[in-house]
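Novice: What follows is each chain in one-letter form.
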Amino acid sequence: MSALSNLLSPDRARVLAELRAQVAGVEGEGRPPNVLPFGIEALDGRLAGGGLDRPAMHEVAAASPTLGDDAAATLFIAGLGARFAGRPGASAVWILTQFDLYAPGLEQSGLGPDRLLYVQARDDVMALALAEDALRDGSFAAVITEVKVADQTATRRLQLAAADRSTPLLLLRRWRRAARDPLDMPSLAATRWRIGCAPSVPLSHPGVGRACWSVDLVRQRGGKPFSLLLEACDDQGRLALPPPARLRAAAAGGAAARAA
Amino acid sequence: MPRGGGWRPGARWAQDAALTKAQVAQQIATLPAHQRPPMRMLGRRSEAVEHPFRAMRPDEGGGAASPTHVGFVAQVARPLVLIERVGQRDTIFAACPVALGLGLVPGMAAAHARALVGDLDVRDAEPEADLAWLDRLALHAVAHWTPTACRAGNDGLLLDVTGATHLFGGEVRFCRRVLAFLARLGFTARIAIARTPGAAHALARYSGQPIVRLQPAEEAQALASLPVAALRLESEALNAAARFGLDRIGDLYSMPRAPLARRLGMKTMTRLDQALGRVAEPIVPVVPVEAPEAIRRLLEPIGTAESIAQVITDLVDDLVAVLVERGLGVRTALLIASRVDGADQRIAIGASRATRDPKRLVRMFALKIERIDPGLGIEAMRLVVPRSEPLGAINTGTLLAVKDEAADLAPAIDQLAGRAGEEAVFRLGLEQSDVPERAVRRVGPLEVPAGWPRWTRPARLLRRPEMLTQVMALLPDHPPRRFTWRGKPYRVVAGDGPERIHGEWWRRSNELWAVRDYFRVEVEDGQRFWLFRRGDGVEPETGDLSWYLHGVFG
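These protein sequence lines are chains A and B, in that order. In case it helps, the working numbering puts the first sequence at residues 9 to 268. In case it helps, the working numbering puts the second sequence at residues 11 to 564.
A portion of the hints provided could be inaccurate.
Here are some of the chain A residues that sit facing chain B, going by a computed Cβ distance under 8 Å [unchecked claim]: (1) 29; (2) 59; (3) 73; (4) 75; (5) 83; (6) 105; (7) 129; (8) 147; (9) 168; (10) 172; (11) 174; (12) 207; (13) 212; (14) 242; (15) 244; (16) 248.
It should be emphasised that the hints constitute simulated quantities derived from the structure, not laboratory data. Since this is a predicted model, take the numbers as computed values, not measurements. Note that CB positions come from ideal geometry on N, CA and C, so glycine has one too.
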C-alpha cells in the first residue's frame, strides 16, 4: 500500500528507479544492467533512467544533411555501440544499405574489427527486417541499423523486438533529401538524438583539437529534451564535457596560426 | 627407249614391234574363258572395276559400323564379345574392336557370331556391374574433379567442368589427365567438352576422336554431320527419322519445326534444342552416398506453407537422429521437394558452423519456404546434407553459469545470411597497406580480424577522392587555408598534417614516385575533413599538386 501511495507521489521517477534497482538486484548479477549511463552528470541527470535503456530503440540523426554532421552522427552511434558491446566477447552488428563506412575510423571510436559484424542489405525494407532478425536472435550486444525511411509500423516492431530480447537498437536515420528532416516523422524510439559538428576547442599549439559535437536530445520517453555541447568519443566510445572556458589554453594566435 | 627404261603397255613406240590389235584379239580368243585377260590389263580403262575387298553397302546386308582399326591387335588378340539374354536367345551386348573388325556387331545372335568366328571369347554381360563402375567414377569425379557430375545414360559420365578445369591447367590438360586416369584403370574413353550436355554427349560418342573441344556457338556446325542417333532419341523417333530419310542432325536444321515435331515427336525437338543450347538442361549432380539423408513420402500432395513447414520439421528431426548417430553436423543442407508433375523444387541452406540443432535448421528453412513453388502439390520431400563436418557432443549448460561467456554468433549469422545472402555478412580486417582505400579487407563473419594502426582516420570514406578547386595553401607542408568542394567554399580554421603516404610501386608502375600528403582540417562551421595533395610539393614527379577530399571525420 505504501508503495502504491509512493507511486502517486510527485517524485515518482525516483521511487520507480529505486524499485527497478531492487528488482534488478533480485534478478541477479549475471545479466548486464538495463541502463547504460554516459558517466557524465550533465547528461545522465537529464536522461529519464539515468542513462540509455538497454531494451529500447534509440534514434540518431545528423543535424544537417552535410557529410560532416553525418559522420558525427555515425561516430556517436559507433561510440554507443562500443559501450553497449563493452563486455569481452560481445559483438555488435551494423546493418546498412550503402557501404561507405571506414572501419579504421570506427575502431578509433571503440568499435574494433573483432567486435563489429557488417550486414549489407539490398534496401531499407530488408535492412529493417535484418535488424529485427538480429534483435530477435538476442546474441548481439547491440544492433546498429542505418536507414533512410522507417515508418511507424517498422519502428514499433523494432521497439517491441528490442524490448523482448533486451537488446538495444541504435537506428541511424540518414538524410534522404536536404529539405526533409529524418526526425520529422513520429516514431516509438525511447530517445531521439540529433548530432552536429561544433568547432573544437582551440589548442595552444597549431593543430586540430578533440572534435566537439552539438548533441540535441530531441525527444525522450519520460523526460524533457535538452541540448549540450560535448567532446567526441574517445577510443573507448566515451563522450566528455569540454573544459570550461576559463580553463582553456589561450589560442596561440588567430585562425591562421592554428592552421599552420 | 625413253629415258629411265620405263615401259608402258600401249605406248606408241612399243606398238611398232608388237602385235596389232586384231592379232591380239585373235590370240585372246584362243585362250580359255577363265584365262582371258580383263580389259584393264589390255590398257583400256573404259570400265570401272570393283575393288575386291570393298565393304558392302549397309542396305545390301553389310554391317552398319565401318571396320575400326584392327591392325596389329587383330593379329594377336582374341576377339571378345559380351552376350546378354534377350527373350529366348543370346545376343551380343558389346564387342571389342577386334570383334567389331571381324564384323560382329551388337545385336547379332551369339550363335551366329560363334559360327562366323571360330576363336571367339564369349562372356556374359554384367550391366549392373558396369553401372556400379560408372557410379563409382561419378563419385570420384565429384570428389576430385568438379562438384557437378553425374552418370549419363549407361555408358558415360557428364561433368560440368565450368570453373574447374583451371585447377588442372586448362581443359586440354584436364582431359588428358582424365584419360590417363581411366587408362590406368583399364578403360578407354573419349571426352568431348561442349557448352551443352547434348552436344558433349553426341560428340563424345560419334566424333571418333579421343578429345574434342567445342568452342561456344559452334554446336550447330559440329553436330550437323553426326547421325541423328547422337541426339539421344527414342527408338520410335529414330525409326521415324530413318523412314523420312533424315540421317544426319544437319538434316533437321532446315526442316520447319511444326511438321518435324509432329513426325518425330516433341521430345525430339527438345533434344535438338538441348543439344544446341536453346533449352536449358540442368545436370542433376550425384550426391556422395555417404551424405546423411532423410526422406518423407506423403500420402496426399501438399501445397500450403504450413504443411510444408511441418514436413520440414519432421525431416529435420529424422535427419538430426542420423547426424547424432554418425557424429556429424550440417554445413550445407539441400531440401528437394518432388512435385506431382515430376519437377523438383530445391532450396539450400548453409550454416557458418557445423550444427545439428533442429530449431536452428528449421528456422533457416522457414526463411526460404516461400521460394518453393508447390504447383499442383508436393508428393515427397527429401533432405540431403551434401556438406557435413564432424561434430562431437556439446555441453549445453552447467549448474555453475559462466558469467563472461561470449554468445555464439553462428546461429545469428546464419539467420542474417539466409535473408541477405552469404556475401552480405562479413567483417572487415587489416590489409597490410598504407594506402587508405586498400587498408581494409573483407573477411568471413566468424573470423577475428586484426585492427589498424593508431593513425587518425575518418569515419566515412568517399568512394573516390573528390577534387577540390580554388585551393589556397602554403607549400610544401601546410594545410590549405581555403578550398571549394562541391561548389561550396570552405575556410579552414585549424589543420593537422601532413601524413605522407607513398604509392605502392610493387602494384603499379605509375605509383613508383607517387606521394599523397594527407591533412586533417577543421572548417569554420566545425566540420572536419580529410584532404590530400598529390605530390610532396618539392619533387615534380611525385604528383601534380592537385587537392582532393577523401574522407569525413565526425
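Novice: Hint check: is the beta carbon of residue 244 (chain A) less than 8 Å from a beta carbon of chain B?
Specialist: Cβ of residue 244 (chain A) sits 14 Å from chain B, so the hint is violated.
Novice: Does the nearest C-beta of chain B fall within a distance shorter than 8 Å of the C-beta of residue 248 (chain A)?
Specialist: 14 Å, violated
Novice: Mind checking the CB of residue 129 (chain A) against every CB in chain B and telling me if the closest is under 8 Å?
Specialist: This hint holds: residue 129 (chain A) lies near chain B, its Cβ roughly 6 Å from the closest one there, short of 8 Å.
Novice: Holds or violated: residue 174 (chain A) as interface residue toward chain B, Cβ cutoff 8 Å?
Specialist: At 12 Å from the nearest chain B Cβ, residue 174 (chain A) fails the 8 Å test, so the hint is violated.
Novice: Would you check whether residue 212 (chain A) satisfies its interface hint, that is, whether its CB is within less than 8 Å of any CB in chain B?
Specialist: Interface hint status for residue 212 (chain A): violated (12 Å vs cutoff 8 Å).
Novice: With a cut-off of 8 Å, does the beta carbon of residue 242 (chain A) approach a beta carbon of chain B closely enough for the hint to hold?
Specialist: 12 Å, violated
Novice: Would you settle whether the hint for residue 73 (chain A) is holds or violated, based on the nearest Cβ-Cβ distance to chain B being less than 8 Å?
Specialist: 12 Å, violated
Novice: The hint names residue 207 (chain A) as touching chain B; please verify it with the least Cβ-Cβ distance against 8 Å.
Specialist: 4 Å, holds
Novice: Can the hint on residue 147 (chain A) be confirmed by a CB-to-CB distance to chain B that is less than 8 Å?
Specialist: Holds, about 4 Å.
Novice: Against chain B, is residue 168 (chain A) within 8 Å by beta-carbon distance?
Specialist: 18 Å, violated
Novice: Please check whether residue 105 (chain A) passes as an interface residue: C-beta within 8 Å of a C-beta belonging to chain B.
Specialist: 10 Å, violated
Novice: Against chain B, with CB atoms and a cut of 8 Å, does the hint on residue 75 (chain A) hold up?
Specialist: Holds, about 5 Å.
Going down the numbered hints, you'll see the structure goes against 1, 2, 3, 6, 9, 10, 11, 13, 14, 15, 16, while the others check out.
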